[in-house]
Amino acid sequence: MDTHDTGVAPSVGDVEGGYFVGTRTSERYPLWTRANVGEVFPDPVAMGTFDLAFQNEDGLGVAELGFRDAYIRIGAFTEEELDPDNPVFLGVFGGYAYLNASLSRIFGERAPGLSAEVIDQQFFGTQPGIPAYEAHPDDPSPEATERIGATFQWVLTADSLPDVLADRERVDALCASRPDFASMGDHELVQFIEHLVTDGFRELFAQHIFITFLATVPAGIITEVCTAIGRPQDILRLIAGLGDVESAAPSLAMWTLGRQVAASETLTTAFEEGLDGLDARLRDLEDDDGRAFAAAFDDFLVAFGARGPNEWESSCPTWETDPVLALAAIDRMRLSPDDADPATRHSGLVADRERLSAEITDLLAGDPETQGQFAAALQSAKVFLPGRERTKTNCVRHVHEMRMAAHEVGRRMVERGVFPAVNSYGMLTFSELHQAIDDPTGWRQVIQDRTVIFEHAGQVQEPFVVVGEPPPMAEWPRRDAITYEPVGPGESIQGVPGCPGVSRGRARVVIDSHDPTGLEPGDVLVAPLTDPSWTPLFVPAAGVVVDVGAPLSHAIIVSRELGIPCVVSATGATQRIPDGALVEVNGDTGTVTVLEA
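When we follow this note's numbering, the leftmost residue of the sequence shown carries the number 1, and every step to the right adds one.
Source of the hints: derived by calculation from the structure; they are not laboratory data.
There's no promise every hint is true.
Restraint-style ranges between C-beta atoms, simulated for each label pair [to be verified]: (1) 153 <-> 477: 42 to 50 Å; (2) 589 <-> 58: 49 to 57 Å; (3) 58 <-> 143: 25 to 33 Å; (4) 339 <-> 59: 50 to 58 Å.
All residues carry an ideal CB built from backbone N, CA and C; glycine is no exception.
Let the sequences and hints guide you as you build the complete structure.
Next up, the structure:
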(Lines of atoms letter the chains of each structure in order from A; the text may use other names.)
(Lines give C-alpha, C1' and ligand atoms only; values in the text may rest on other atoms or scores of the structure.)
Protein backbone atom coordinates (compact mmCIF):
# COMPACT_ATOMS: atom_id res chain seq x y z
CA MET A 1 0.00 0.00 0.00
CA ASP A 2 1.27 3.48 -0.76
CA THR A 3 2.02 5.54 2.34
CA HIS A 4 -0.41 8.25 1.31
CA ASP A 5 -3.45 6.00 0.93
CA THR A 6 -4.73 7.13 4.31
CA GLY A 7 -8.10 6.04 5.57
CA VAL A 8 -8.13 2.78 3.59
CA ALA A 9 -7.35 -0.45 5.36
CA PRO A 10 -4.84 -2.77 3.71
CA SER A 11 -6.35 -6.16 3.07
CA VAL A 12 -5.29 -9.07 5.23
CA GLY A 13 -4.12 -10.68 2.02
CA ASP A 14 -1.19 -8.24 2.13
CA VAL A 15 0.16 -9.95 5.24
CA GLU A 16 2.47 -12.32 3.38
CA GLY A 17 3.58 -9.90 0.72
CA GLY A 18 4.08 -6.41 2.03
CA TYR A 19 3.76 -3.69 4.61
CA PHE A 20 1.73 -0.52 4.75
CA VAL A 21 4.60 1.97 5.10
CA GLY A 22 7.91 2.10 3.28
CA THR A 23 10.39 4.26 1.41
CA ARG A 24 12.21 4.03 -1.89
CA THR A 25 15.77 2.78 -2.11
CA SER A 26 18.51 4.97 -3.57
CA GLU A 27 20.38 4.24 -6.77
CA ARG A 28 23.25 6.55 -5.80
CA TYR A 29 23.47 5.31 -2.19
CA PRO A 30 22.42 1.64 -2.45
CA LEU A 31 23.72 0.04 0.81
CA TRP A 32 21.38 -0.01 3.81
CA THR A 33 21.83 -1.73 7.15
CA ARG A 34 20.04 -2.57 10.39
CA ALA A 35 23.32 -1.96 12.25
CA ASN A 36 22.94 0.64 15.01
CA VAL A 37 19.41 1.61 13.97
CA GLY A 38 18.30 -1.88 15.04
CA GLU A 39 18.97 -0.78 18.62
CA VAL A 40 16.83 2.33 18.10
CA PHE A 41 13.98 0.60 16.26
CA PRO A 42 14.23 -3.12 17.06
CA ASP A 43 10.62 -3.71 15.99
CA PRO A 44 8.70 -2.66 12.86
CA VAL A 45 8.02 1.07 12.61
CA ALA A 46 4.47 2.07 13.49
CA MET A 47 2.62 4.29 11.05
CA GLY A 48 2.53 7.27 13.41
CA THR A 49 6.30 7.19 13.85
CA PHE A 50 6.84 6.73 10.12
CA ASP A 51 4.70 9.83 9.58
CA LEU A 52 6.76 11.74 12.12
CA ALA A 53 10.30 10.62 11.41
CA PHE A 54 10.64 9.18 7.93
CA GLN A 55 8.20 10.48 5.33
CA ASN A 56 4.69 11.92 5.21
CA GLU A 57 2.24 13.54 2.86
CA ASP A 58 4.07 16.86 3.23
CA GLY A 59 7.47 15.40 2.36
CA LEU A 60 10.41 14.19 4.42
CA GLY A 61 10.08 13.41 8.14
CA VAL A 62 11.91 15.30 10.85
CA ALA A 63 14.44 12.53 11.56
CA GLU A 64 15.49 12.34 7.90
CA LEU A 65 15.79 16.14 7.83
CA GLY A 66 17.76 16.10 11.08
CA PHE A 67 20.20 13.59 9.61
CA ARG A 68 20.74 15.87 6.63
CA ASP A 69 21.25 18.89 8.86
CA ALA A 70 23.91 17.03 10.85
CA TYR A 71 25.92 15.80 7.87
CA ILE A 72 25.82 19.21 6.24
CA ARG A 73 26.90 20.84 9.51
CA ILE A 74 29.84 18.43 9.77
CA GLY A 75 30.76 19.42 6.21
CA ALA A 76 30.50 15.93 4.72
CA PHE A 77 27.81 16.73 2.13
CA THR A 78 26.00 19.57 0.46
CA GLU A 79 22.23 19.81 0.05
CA GLU A 80 22.63 19.34 -3.71
CA GLU A 81 24.04 15.82 -3.22
CA LEU A 82 20.87 14.60 -1.48
CA ASP A 83 17.55 13.57 -3.06
CA PRO A 84 15.05 16.35 -2.24
CA ASP A 85 12.01 14.07 -2.50
CA ASN A 86 12.97 10.74 -0.92
CA PRO A 87 14.77 9.73 2.29
CA VAL A 88 18.41 8.82 1.77
CA PHE A 89 19.67 8.51 5.35
CA LEU A 90 16.78 6.60 6.94
CA GLY A 91 14.77 4.02 5.01
CA VAL A 92 11.94 1.66 5.88
CA PHE A 93 11.74 -1.71 4.11
CA GLY A 94 9.21 -4.34 5.13
CA GLY A 95 8.34 -2.14 8.08
CA TYR A 96 11.90 -2.10 9.50
CA ALA A 97 14.07 0.99 9.81
CA TYR A 98 17.38 0.96 7.95
CA LEU A 99 20.36 3.29 8.06
CA ASN A 100 22.14 4.17 4.84
CA ALA A 101 25.66 2.75 5.05
CA SER A 102 26.75 4.13 1.65
CA LEU A 103 26.59 7.68 2.99
CA SER A 104 28.45 6.65 6.16
CA ARG A 105 31.20 5.08 4.07
CA ILE A 106 31.50 8.20 1.90
CA PHE A 107 31.81 10.23 5.09
CA GLY A 108 34.67 7.91 6.11
CA GLU A 109 36.39 8.34 2.75
CA ARG A 110 36.07 12.12 2.87
CA ALA A 111 37.04 12.56 6.52
CA PRO A 112 40.74 13.11 7.31
CA GLY A 113 42.22 10.06 9.02
CA LEU A 114 39.17 7.88 8.46
CA SER A 115 38.11 5.47 5.72
CA ALA A 116 35.13 3.41 4.67
CA GLU A 117 36.74 0.41 6.39
CA VAL A 118 37.05 2.28 9.70
CA ILE A 119 33.39 3.28 9.53
CA ASP A 120 32.40 -0.30 8.72
CA GLN A 121 34.19 -1.52 11.84
CA GLN A 122 32.31 1.00 13.99
CA PHE A 123 28.91 0.06 12.53
CA PHE A 124 29.15 -3.63 11.67
CA GLY A 125 31.72 -5.08 14.04
CA THR A 126 32.32 -8.64 12.82
CA GLN A 127 28.86 -9.14 11.36
CA PRO A 128 29.19 -11.49 8.35
CA GLY A 129 27.88 -10.82 4.86
CA ILE A 130 28.83 -7.14 4.58
CA PRO A 131 29.68 -6.24 0.96
CA ALA A 132 33.06 -4.61 0.34
CA TYR A 133 33.20 -0.88 -0.27
CA GLU A 134 33.17 0.04 -3.97
CA ALA A 135 34.28 3.58 -4.74
CA HIS A 136 32.06 5.87 -6.80
CA PRO A 137 33.66 8.66 -8.88
CA ASP A 138 31.80 11.28 -6.83
CA ASP A 139 32.86 9.90 -3.45
CA PRO A 140 36.06 11.97 -3.14
CA SER A 141 35.54 15.66 -2.42
CA PRO A 142 38.51 17.87 -1.48
CA GLU A 143 36.08 20.61 -0.44
CA ALA A 144 34.25 18.25 1.92
CA THR A 145 37.55 16.94 3.31
CA GLU A 146 38.61 20.49 4.13
CA ARG A 147 35.28 21.25 5.81
CA ILE A 148 35.33 18.02 7.82
CA GLY A 149 38.95 18.67 8.83
CA ALA A 150 37.98 22.02 10.32
CA THR A 151 35.16 20.32 12.26
CA PHE A 152 37.54 17.64 13.53
CA GLN A 153 39.94 20.31 14.79
CA TRP A 154 37.09 21.77 16.81
CA VAL A 155 36.30 18.32 18.21
CA LEU A 156 39.85 17.93 19.53
CA THR A 157 39.83 21.34 21.22
CA ALA A 158 36.28 21.52 22.62
CA ASP A 159 36.25 21.20 26.39
CA SER A 160 32.45 21.27 26.71
CA LEU A 161 29.25 21.13 24.66
CA PRO A 162 27.20 24.18 25.71
CA ASP A 163 24.64 23.69 22.92
CA VAL A 164 23.88 20.19 24.20
CA LEU A 165 23.47 21.47 27.75
CA ALA A 166 21.16 24.23 26.47
CA ASP A 167 19.09 21.56 24.72
CA ARG A 168 18.82 19.65 27.98
CA GLU A 169 17.58 22.78 29.76
CA ARG A 170 14.92 23.27 27.07
CA VAL A 171 13.78 19.67 27.40
CA ASP A 172 13.78 19.99 31.20
CA ALA A 173 11.51 23.02 30.84
CA LEU A 174 9.24 21.17 28.41
CA CYS A 175 8.83 18.22 30.79
CA ALA A 176 8.33 20.46 33.83
CA SER A 177 5.58 22.42 32.04
CA ARG A 178 3.60 19.39 30.85
CA PRO A 179 -0.02 20.56 30.54
CA ASP A 180 -3.00 18.84 32.12
CA PHE A 181 -3.78 16.55 29.19
CA ALA A 182 -7.08 15.44 30.73
CA SER A 183 -8.42 18.98 30.39
CA MET A 184 -7.49 19.36 26.71
CA GLY A 185 -9.75 18.65 23.74
CA ASP A 186 -9.12 15.74 21.37
CA HIS A 187 -7.89 17.83 18.46
CA GLU A 188 -5.97 20.04 20.86
CA LEU A 189 -4.01 17.00 22.06
CA VAL A 190 -3.10 15.95 18.52
CA GLN A 191 -2.12 19.52 17.71
CA PHE A 192 0.08 19.55 20.82
CA ILE A 193 1.91 16.48 19.46
CA GLU A 194 2.22 18.03 16.01
CA HIS A 195 3.65 21.17 17.58
CA LEU A 196 6.33 19.15 19.37
CA VAL A 197 7.20 17.49 16.06
CA THR A 198 7.68 20.78 14.25
CA ASP A 199 9.07 22.79 17.16
CA GLY A 200 12.32 21.39 18.40
CA PHE A 201 12.60 17.70 17.55
CA ARG A 202 14.42 18.17 14.24
CA GLU A 203 17.03 20.30 15.97
CA LEU A 204 17.44 17.85 18.86
CA PHE A 205 17.83 14.91 16.51
CA ALA A 206 20.29 16.78 14.28
CA GLN A 207 22.37 17.54 17.36
CA HIS A 208 22.30 13.86 18.31
CA ILE A 209 23.53 12.71 14.91
CA PHE A 210 26.14 15.49 14.79
CA ILE A 211 27.65 14.53 18.15
CA THR A 212 27.31 10.78 17.42
CA PHE A 213 29.49 10.96 14.33
CA LEU A 214 32.00 13.30 15.92
CA ALA A 215 32.39 10.88 18.84
CA THR A 216 34.15 8.57 16.37
CA VAL A 217 37.03 11.07 16.08
CA PRO A 218 38.64 10.66 19.53
CA ALA A 219 37.77 6.96 19.58
CA GLY A 220 39.44 6.55 16.20
CA ILE A 221 42.62 8.35 17.27
CA ILE A 222 42.89 6.30 20.47
CA THR A 223 42.40 3.12 18.44
CA GLU A 224 45.04 4.12 15.90
CA VAL A 225 47.64 5.03 18.52
CA CYS A 226 47.12 1.91 20.64
CA THR A 227 47.27 -0.32 17.57
CA ALA A 228 50.44 1.37 16.34
CA ILE A 229 52.27 0.81 19.64
CA GLY A 230 51.09 -2.80 19.90
CA ARG A 231 48.61 -2.31 22.73
CA PRO A 232 45.16 -2.81 21.17
CA GLN A 233 43.98 -4.44 24.40
CA ASP A 234 44.05 -0.99 26.05
CA ILE A 235 41.65 0.72 23.64
CA LEU A 236 38.46 -0.02 25.53
CA ARG A 237 40.01 0.72 28.91
CA LEU A 238 40.91 4.21 27.71
CA ILE A 239 37.28 5.03 26.92
CA ALA A 240 35.72 3.33 29.95
CA GLY A 241 34.55 4.98 33.16
CA LEU A 242 34.23 8.42 31.57
CA GLY A 243 31.49 9.56 33.95
CA ASP A 244 28.48 11.80 33.35
CA VAL A 245 26.89 9.28 30.95
CA GLU A 246 23.17 9.99 31.18
CA SER A 247 22.13 6.64 29.76
CA ALA A 248 23.82 4.97 32.73
CA ALA A 249 22.11 7.18 35.31
CA PRO A 250 18.86 5.13 35.49
CA SER A 251 20.84 2.00 36.34
CA LEU A 252 22.62 3.78 39.17
CA ALA A 253 19.31 5.13 40.50
CA MET A 254 17.75 1.65 40.30
CA TRP A 255 20.66 0.24 42.28
CA THR A 256 19.86 2.62 45.13
CA LEU A 257 16.19 1.61 45.01
CA GLY A 258 17.21 -2.05 44.99
CA ARG A 259 19.29 -1.50 48.14
CA GLN A 260 16.23 0.02 49.81
CA VAL A 261 14.28 -3.14 49.03
CA ALA A 262 17.05 -5.48 50.16
CA ALA A 263 17.27 -3.68 53.50
CA SER A 264 13.53 -3.82 54.22
CA GLU A 265 11.55 -6.89 55.26
CA THR A 266 8.20 -5.43 54.16
CA LEU A 267 9.51 -4.29 50.77
CA THR A 268 11.21 -7.65 50.19
CA THR A 269 7.97 -9.47 50.98
CA ALA A 270 6.07 -7.30 48.48
CA PHE A 271 8.60 -8.07 45.74
CA GLU A 272 8.70 -11.78 46.50
CA GLU A 273 4.95 -12.01 45.85
CA GLY A 274 5.67 -11.37 42.16
CA LEU A 275 5.51 -8.56 39.63
CA ASP A 276 1.75 -8.74 39.04
CA GLY A 277 0.17 -5.95 41.03
CA LEU A 278 3.52 -5.02 42.59
CA ASP A 279 3.18 -1.27 42.07
CA ALA A 280 -0.19 -1.21 43.84
CA ARG A 281 1.06 -3.44 46.69
CA LEU A 282 4.03 -1.17 47.28
CA ARG A 283 1.83 1.91 47.42
CA ASP A 284 -0.52 0.21 49.88
CA LEU A 285 2.29 -0.30 52.38
CA GLU A 286 1.73 1.95 55.38
CA ASP A 287 5.07 1.61 57.15
CA ASP A 288 7.97 4.04 56.82
CA ASP A 289 9.84 1.78 54.39
CA GLY A 290 6.86 1.59 52.06
CA ARG A 291 6.24 5.33 52.08
CA ALA A 292 9.94 6.10 51.54
CA PHE A 293 10.18 3.69 48.60
CA ALA A 294 6.99 5.04 46.98
CA ALA A 295 8.31 8.61 47.22
CA ALA A 296 11.74 7.62 45.85
CA PHE A 297 10.18 5.60 43.03
CA ASP A 298 7.94 8.53 42.07
CA ASP A 299 11.05 10.74 41.89
CA PHE A 300 12.68 8.06 39.74
CA LEU A 301 9.73 8.05 37.32
CA VAL A 302 9.84 11.84 37.02
CA ALA A 303 13.54 11.72 36.19
CA PHE A 304 13.63 8.57 34.03
CA GLY A 305 10.03 7.74 33.08
CA ALA A 306 10.80 8.31 29.40
CA ARG A 307 13.06 5.25 29.24
CA GLY A 308 11.88 1.80 28.25
CA PRO A 309 12.18 -0.87 25.57
CA ASN A 310 12.02 0.65 22.07
CA GLU A 311 11.86 4.10 23.66
CA TRP A 312 12.00 6.03 20.37
CA GLU A 313 8.69 4.44 19.31
CA SER A 314 5.92 6.58 20.81
CA SER A 315 3.38 3.73 20.85
CA CYS A 316 5.62 1.51 23.02
CA PRO A 317 5.49 1.48 26.84
CA THR A 318 8.01 3.23 29.04
CA TRP A 319 8.71 3.18 32.75
CA GLU A 320 6.16 5.95 33.31
CA THR A 321 3.34 4.35 31.31
CA ASP A 322 4.11 0.86 32.67
CA PRO A 323 6.07 1.13 35.95
CA VAL A 324 6.33 -2.66 36.30
CA LEU A 325 9.01 -2.55 33.58
CA ALA A 326 11.23 -0.58 35.95
CA LEU A 327 10.21 -2.61 38.98
CA ALA A 328 11.21 -5.81 37.15
CA ALA A 329 14.78 -4.52 36.83
CA ILE A 330 14.84 -3.33 40.45
CA ASP A 331 13.62 -6.81 41.42
CA ARG A 332 16.74 -8.32 39.85
CA MET A 333 19.03 -5.74 41.46
CA ARG A 334 17.67 -6.25 44.97
CA LEU A 335 19.04 -9.81 44.89
CA SER A 336 22.59 -8.69 44.12
CA PRO A 337 25.24 -8.57 46.85
CA ASP A 338 26.47 -5.18 48.02
CA ASP A 339 29.82 -5.64 46.29
CA ALA A 340 28.04 -5.55 42.91
CA ASP A 341 27.58 -1.79 43.40
CA PRO A 342 28.16 -0.22 39.96
CA ALA A 343 29.73 2.84 41.59
CA THR A 344 32.53 0.62 42.94
CA ARG A 345 33.07 -0.95 39.54
CA HIS A 346 33.06 2.50 37.95
CA SER A 347 35.75 3.82 40.28
CA GLY A 348 37.96 0.87 39.31
CA LEU A 349 37.53 1.68 35.64
CA VAL A 350 38.40 5.33 36.27
CA ALA A 351 41.61 4.41 38.07
CA ASP A 352 42.57 1.97 35.32
CA ARG A 353 41.87 4.55 32.59
CA GLU A 354 43.91 7.25 34.31
CA ARG A 355 46.82 4.89 34.88
CA LEU A 356 46.90 3.74 31.25
CA SER A 357 46.48 7.29 29.95
CA ALA A 358 49.57 8.44 31.84
CA GLU A 359 51.54 5.32 30.89
CA ILE A 360 50.88 5.58 27.15
CA THR A 361 51.38 9.35 27.13
CA ASP A 362 54.85 8.78 28.62
CA LEU A 363 55.59 6.11 25.99
CA LEU A 364 54.90 8.69 23.28
CA ALA A 365 57.38 11.22 24.68
CA GLY A 366 59.71 10.71 21.71
CA ASP A 367 56.94 11.75 19.28
CA PRO A 368 55.49 15.04 20.54
CA GLU A 369 53.01 15.38 17.68
CA THR A 370 51.43 11.97 18.28
CA GLN A 371 51.61 12.50 22.02
CA GLY A 372 49.70 15.79 21.70
CA GLN A 373 47.08 14.25 19.44
CA PHE A 374 46.64 11.31 21.82
CA ALA A 375 46.21 13.62 24.82
CA ALA A 376 43.68 15.71 22.89
CA ALA A 377 41.74 12.56 21.94
CA LEU A 378 41.60 11.40 25.58
CA GLN A 379 40.12 14.72 26.63
CA SER A 380 37.76 14.81 23.65
CA ALA A 381 36.45 11.32 24.43
CA LYS A 382 35.41 12.55 27.89
CA VAL A 383 33.39 15.29 26.20
CA PHE A 384 31.87 13.61 23.15
CA LEU A 385 31.06 10.06 24.29
CA PRO A 386 28.97 11.25 27.26
CA GLY A 387 27.69 14.08 25.05
CA ARG A 388 26.36 11.54 22.59
CA GLU A 389 24.32 9.85 25.32
CA ARG A 390 23.04 13.22 26.56
CA THR A 391 21.79 14.12 23.07
CA LYS A 392 19.98 10.81 22.85
CA THR A 393 18.37 11.36 26.24
CA ASN A 394 17.19 14.80 25.10
CA CYS A 395 15.48 13.25 22.07
CA VAL A 396 13.91 10.38 24.02
CA ARG A 397 12.45 12.72 26.64
CA HIS A 398 11.03 14.97 23.91
CA VAL A 399 9.37 11.97 22.27
CA HIS A 400 7.98 10.93 25.64
CA GLU A 401 6.01 14.16 25.98
CA MET A 402 4.37 13.33 22.65
CA ARG A 403 3.71 9.81 23.92
CA MET A 404 1.94 11.01 27.06
CA ALA A 405 -0.37 13.27 25.07
CA ALA A 406 -1.06 10.46 22.60
CA HIS A 407 -1.85 8.11 25.50
CA GLU A 408 -4.61 10.44 26.61
CA VAL A 409 -6.06 10.40 23.09
CA GLY A 410 -5.78 6.60 23.04
CA ARG A 411 -7.45 6.25 26.43
CA ARG A 412 -10.44 8.29 25.28
CA MET A 413 -10.75 6.42 21.99
CA VAL A 414 -10.73 3.08 23.84
CA GLU A 415 -13.54 4.32 26.08
CA ARG A 416 -15.55 5.21 22.95
CA GLY A 417 -14.88 1.84 21.35
CA VAL A 418 -12.92 3.36 18.46
CA PHE A 419 -9.50 1.95 19.40
CA PRO A 420 -8.93 -1.67 20.46
CA ALA A 421 -5.99 -0.56 22.68
CA VAL A 422 -4.60 2.66 24.12
CA ASN A 423 -1.53 2.54 21.88
CA SER A 424 -3.58 2.01 18.71
CA TYR A 425 -2.78 5.61 17.79
CA GLY A 426 0.48 4.18 16.45
CA MET A 427 -1.41 2.58 13.57
CA LEU A 428 -2.63 5.97 12.27
CA THR A 429 -0.99 9.04 10.77
CA PHE A 430 -1.60 12.43 12.33
CA SER A 431 -4.13 13.40 9.66
CA GLU A 432 -5.93 10.09 10.22
CA LEU A 433 -6.09 10.77 13.96
CA HIS A 434 -7.94 14.00 13.24
CA GLN A 435 -10.27 12.13 10.86
CA ALA A 436 -10.96 9.39 13.41
CA ILE A 437 -11.82 12.01 16.04
CA ASP A 438 -14.28 13.71 13.69
CA ASP A 439 -15.84 10.51 12.35
CA PRO A 440 -14.91 7.27 14.14
CA THR A 441 -16.78 5.04 11.69
CA GLY A 442 -14.63 2.22 10.33
CA TRP A 443 -11.39 3.17 12.00
CA ARG A 444 -11.38 0.29 14.45
CA GLN A 445 -11.34 -2.16 11.53
CA VAL A 446 -8.56 -0.17 9.83
CA ILE A 447 -6.46 -0.43 12.98
CA GLN A 448 -7.15 -4.14 13.43
CA ASP A 449 -6.22 -4.94 9.83
CA ARG A 450 -3.00 -2.94 10.06
CA THR A 451 -2.18 -4.57 13.38
CA VAL A 452 -2.36 -8.00 11.73
CA ILE A 453 0.23 -6.89 9.17
CA PHE A 454 2.34 -5.17 11.83
CA GLU A 455 2.42 -8.30 13.98
CA HIS A 456 3.30 -10.47 11.00
CA ALA A 457 6.24 -8.18 10.20
CA GLY A 458 7.46 -8.70 13.74
CA GLN A 459 7.56 -12.47 13.22
CA VAL A 460 9.88 -12.48 10.21
CA GLN A 461 13.63 -11.92 10.11
CA GLU A 462 14.53 -8.79 8.19
CA PRO A 463 17.78 -8.75 6.16
CA PHE A 464 20.70 -7.24 8.08
CA VAL A 465 21.88 -5.46 4.93
CA VAL A 466 20.03 -4.42 1.80
CA VAL A 467 21.86 -3.63 -1.43
CA GLY A 468 19.66 -1.96 -4.02
CA GLU A 469 16.11 -3.29 -3.81
CA PRO A 470 15.25 -5.38 -0.74
CA PRO A 471 14.04 -8.92 -1.36
CA PRO A 472 10.24 -9.33 -1.29
CA MET A 473 8.95 -9.55 2.25
CA ALA A 474 7.26 -12.85 1.38
CA GLU A 475 10.77 -14.36 1.06
CA TRP A 476 11.92 -13.30 4.53
CA PRO A 477 12.20 -16.31 6.86
CA ARG A 478 10.19 -16.58 10.03
CA ARG A 479 12.26 -15.94 13.14
CA ASP A 480 11.15 -19.19 14.74
CA ALA A 481 12.36 -21.14 11.68
CA ILE A 482 15.97 -19.89 11.88
CA THR A 483 18.26 -22.29 13.69
CA TYR A 484 21.95 -22.26 14.62
CA GLU A 485 24.25 -25.09 15.63
CA PRO A 486 24.61 -24.95 19.44
CA VAL A 487 28.03 -24.20 20.90
CA GLY A 488 29.35 -27.15 22.91
CA PRO A 489 31.73 -27.31 25.87
CA GLY A 490 35.17 -25.99 24.93
CA GLU A 491 33.82 -24.15 21.88
CA SER A 492 33.66 -20.38 21.46
CA ILE A 493 31.83 -17.61 19.66
CA GLN A 494 33.96 -14.75 18.40
CA GLY A 495 32.41 -11.32 18.69
CA VAL A 496 33.67 -7.78 19.26
CA PRO A 497 34.99 -6.52 22.62
CA GLY A 498 32.46 -4.23 24.26
CA CYS A 499 33.69 -3.67 27.80
CA PRO A 500 36.99 -5.00 29.17
CA GLY A 501 37.22 -7.70 31.78
CA VAL A 502 36.72 -11.44 32.08
CA SER A 503 33.86 -13.10 33.96
CA ARG A 504 32.15 -16.45 34.32
CA GLY A 505 28.54 -17.34 35.00
CA ARG A 506 25.52 -19.32 33.92
CA ALA A 507 24.15 -18.10 30.58
CA ARG A 508 20.66 -16.69 30.84
CA VAL A 509 19.07 -16.02 27.45
CA VAL A 510 16.62 -13.11 27.76
CA ILE A 511 14.75 -12.28 24.56
CA ASP A 512 12.29 -9.79 26.02
CA SER A 513 13.38 -7.15 28.53
CA HIS A 514 9.77 -6.99 29.77
CA ASP A 515 10.39 -10.26 31.63
CA PRO A 516 13.90 -10.62 33.08
CA THR A 517 12.82 -12.74 36.05
CA GLY A 518 15.00 -15.67 34.95
CA LEU A 519 18.15 -13.57 35.38
CA GLU A 520 19.86 -14.18 38.70
CA PRO A 521 22.82 -12.26 40.17
CA GLY A 522 26.03 -13.62 38.70
CA ASP A 523 24.37 -14.92 35.53
CA VAL A 524 25.63 -13.90 32.08
CA LEU A 525 22.93 -11.97 30.22
CA VAL A 526 22.62 -13.17 26.60
CA ALA A 527 20.38 -10.83 24.59
CA PRO A 528 19.46 -10.28 20.92
CA LEU A 529 20.28 -6.57 21.12
CA THR A 530 20.21 -3.91 23.77
CA ASP A 531 19.48 -0.25 24.09
CA PRO A 532 20.01 1.75 27.31
CA SER A 533 16.62 0.65 28.62
CA TRP A 534 18.06 -2.88 28.91
CA THR A 535 21.16 -1.78 30.74
CA PRO A 536 19.71 -1.95 34.29
CA LEU A 537 19.79 -5.71 33.71
CA PHE A 538 23.56 -5.41 33.24
CA VAL A 539 24.05 -4.51 36.91
CA PRO A 540 23.22 -7.91 38.48
CA ALA A 541 24.88 -9.76 35.58
CA ALA A 542 28.42 -11.12 35.62
CA GLY A 543 28.73 -10.40 31.91
CA VAL A 544 26.74 -9.45 28.81
CA VAL A 545 26.68 -11.09 25.37
CA VAL A 546 24.74 -9.50 22.51
CA ASP A 547 23.87 -10.91 19.08
CA VAL A 548 24.53 -7.62 17.28
CA GLY A 549 26.23 -4.33 18.11
CA ALA A 550 29.42 -2.39 17.52
CA PRO A 551 32.08 -0.64 19.62
CA LEU A 552 30.20 2.68 19.83
CA SER A 553 26.66 1.38 20.22
CA HIS A 554 24.69 2.90 23.10
CA ALA A 555 24.57 -0.27 25.17
CA ILE A 556 28.33 -0.65 24.98
CA ILE A 557 29.01 2.88 26.17
CA VAL A 558 26.74 2.21 29.14
CA SER A 559 28.34 -1.17 29.90
CA ARG A 560 31.70 0.61 30.11
CA GLU A 561 30.26 2.91 32.74
CA LEU A 562 28.84 0.03 34.75
CA GLY A 563 32.00 -2.06 34.45
CA ILE A 564 30.35 -5.21 33.10
CA PRO A 565 32.47 -7.43 30.78
CA CYS A 566 30.65 -7.34 27.48
CA VAL A 567 30.90 -8.90 24.02
CA VAL A 568 28.80 -7.66 21.09
CA SER A 569 28.32 -8.80 17.51
CA ALA A 570 28.29 -12.40 18.76
CA THR A 571 26.18 -13.61 15.85
CA GLY A 572 23.41 -16.00 16.84
CA ALA A 573 24.47 -16.08 20.49
CA THR A 574 20.88 -16.20 21.78
CA GLN A 575 20.34 -19.43 19.82
CA ARG A 576 23.82 -20.93 19.92
CA ILE A 577 24.56 -20.61 23.64
CA PRO A 578 22.48 -23.08 25.66
CA ASP A 579 20.44 -21.44 28.40
CA GLY A 580 22.02 -22.39 31.74
CA ALA A 581 25.44 -23.28 30.31
CA LEU A 582 28.49 -22.13 32.24
CA VAL A 583 30.26 -19.59 30.03
CA GLU A 584 33.25 -17.29 30.14
CA VAL A 585 32.91 -13.77 28.72
CA ASN A 586 36.19 -12.18 27.68
CA GLY A 587 35.52 -8.49 27.10
CA ASP A 588 39.16 -7.94 26.12
CA THR A 589 39.24 -10.38 23.20
CA GLY A 590 35.54 -10.51 22.30
CA THR A 591 35.37 -14.26 22.91
CA VAL A 592 32.54 -16.16 24.59
CA THR A 593 33.45 -19.73 25.57
CA VAL A 594 31.09 -22.46 26.77
CA LEU A 595 32.81 -24.18 29.69
CA GLU A 596 30.08 -26.57 30.73
CA ALA A 597 26.73 -27.45 29.20
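Structure-based check of each hint:
1. 153 <-> 477: 42 to 50 Å: holds (48 Å)
2. 589 <-> 58: 49 to 57 Å: holds (50 Å)
3. 58 <-> 143: 25 to 33 Å: holds (32 Å)
4. 339 <-> 59: 50 to 58 Å: holds (55 Å)
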